[in-house]
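Taking the hints into account, I'd like the entire structure generated from these sequences.
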Amino acid sequence: MPVSLPLSSAERLFAVGSGAGDRADFHAAARQFAQQLPATGPIVNLCAARRSFALTLVAGAICGRPSLLPWSPSANVVRDVAAAHVAAVVVADETLPDLGALQCCRAPDPGAITDNTGSAAPVTLDPAQVAVVAFTSGSTGAPQAHAKTWGTLAASSQRLAQRVLDGLVAAQLVATVPPQHVFGLETTILLPLFSDCACLDARPLFPADVRAALESVAAPRVLVTTPVHLRALLAADVQLPPLARIVSATAPLAPPLAAAAEARFAAPVLEIYGSTESGAIASRRTAEDTAWTPLPDVRFASVEDGAEVSAPYLPQPIRLSDRIECMADGRIRLLGRSADLIKVAGRRISAADLTQRLLAVPGVEDAIVIVPEPDQIDGRPAALVVAPDMDEAAILAALATQVDAVFLPRPLRKVAALPRNAVGKLPRSALLELLRG
Amino acid sequence: MAGQTDAERELAVLLVQALNLEDRAPESIDPEAPLFGDHAAGWGLDSIDALEIALAVQQKYGVELKADSEDTKRAFASLRTLSAYVDAQRSSAVH
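Chains as they are written, first to last, in the working numbering: chain R, 21 to 457; chain A, 3 to 97.
A couple of the hints might just be wrong.
The calculated DSBU-like cross-link candidates involving lysine-lysine, where the alpha carbons are at most 35 angstroms apart (straight line), are [unchecked claim]: (1) R:K363 with A:K75; (2) R:K363 with A:K62; (3) R:K363 with A:K68; (4) A:K62 with A:K75; (5) R:K363 with R:K434; (6) A:K62 with R:K434.
Bear in mind the hints are in silico, worked out from the structure with no lab data behind them.
Here it is, written out as structure tokens:
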């Protein structure tokens, strides 16, 4: 059955307060942009503003072309993603990085949509059509693509809405997360498209921006954010307008931080658990519960050395990088992440992969990447390197051409030799001692 | 490399501490190098770093940064522009 984007009671989708962008206009604008898109392959959707992103996504759907979602807007990553897809065209709403020979096109400015004569009937989507392709960095270094159909996204979004928007009428979302990250896509693009809410077009970063953004929208207000932004909001001691709910994901939220945020902003903090592959799959109120409640119809199973999640709308069961415990009441506990995973700013890479890339730098003889404080939010990797003829800056500069800047080790320390034991392994305690210098 | 002023040196020390860039010597930082993006020539910082910088600057100098103003975008170009911005904001707050 085709999926229809509903016209619901929330008047404005993304351009909250600007006067442009009610749902009827949105559908007409998407049809208009679909006709203007260069007639080639998939779309690398770099749009930063929610409305431009969503217009590009839906315009692509109208002409059967998915949005590719690079995990970083840096030129290297965009080129890698585009190179893996024949005839991809880049669509952006801000100044583009230098992308060489790639075909680029600007998303339409909301004010430039003039054709109100076109059909404003809801766009109809094919549930079997691929809507987006998200990427994770694979253990071999090549990014792994995860395609999601409109059917999966719509079904998943309706279940997420039951948690995030529960009891709220015409909620107004303000989000610090980008739409290219799966959590950002689900909350700031798909919830407004499929449910009764709107999301502010802009993406505030600093605490003062978050306050101004929240002040610009009407109640009930929902702040969609991450532990890092939440910590910054508390540290900056800002006064926010009344919030109905705070939603956090992308990194584990410490219960004391959740409790402090609830006390300061007088709103429940809902934490979402999910992955790039599965999307959102469970939630909890972190200040009160250690256990997670699966989203409706989501099933978890503990398997050897990990866990699997399944749902009627997912094409197949998905392997998770966390170990879990299934409780008798249907809820789950997370027992810890496989130790190798490094996650910063919602992006991830394995320590083994990062070590391999470091070893591939000419002049590096031996190297190891570890995360000194794996339990800390966005714990950055650190590295010990044996490279007699290079300085730290040159090693980092070489590595920077290979990986996203968030993964560059801090610190990267040169040593004469790594403390390998009799079987060639590197005891963590010895590494930490060397790192401390 | 252009020389650092005293204010730039003080800000460089703050940034190196706040961002855990302990392999950088504050006094060796080019005040005109770009803070974001280009790692080879500049600091190679990202948006989480920007958040940390905003917090550190607010706590030390009492200056609130907003990403959506053009002034802040210009201020985040380099150590020199950030130092000048913080200085200007502090004077306007005092007078």
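| Of the hints stated earlier, which fail here? | Hints that this structure does not satisfy do not exist here, as all of them hold.
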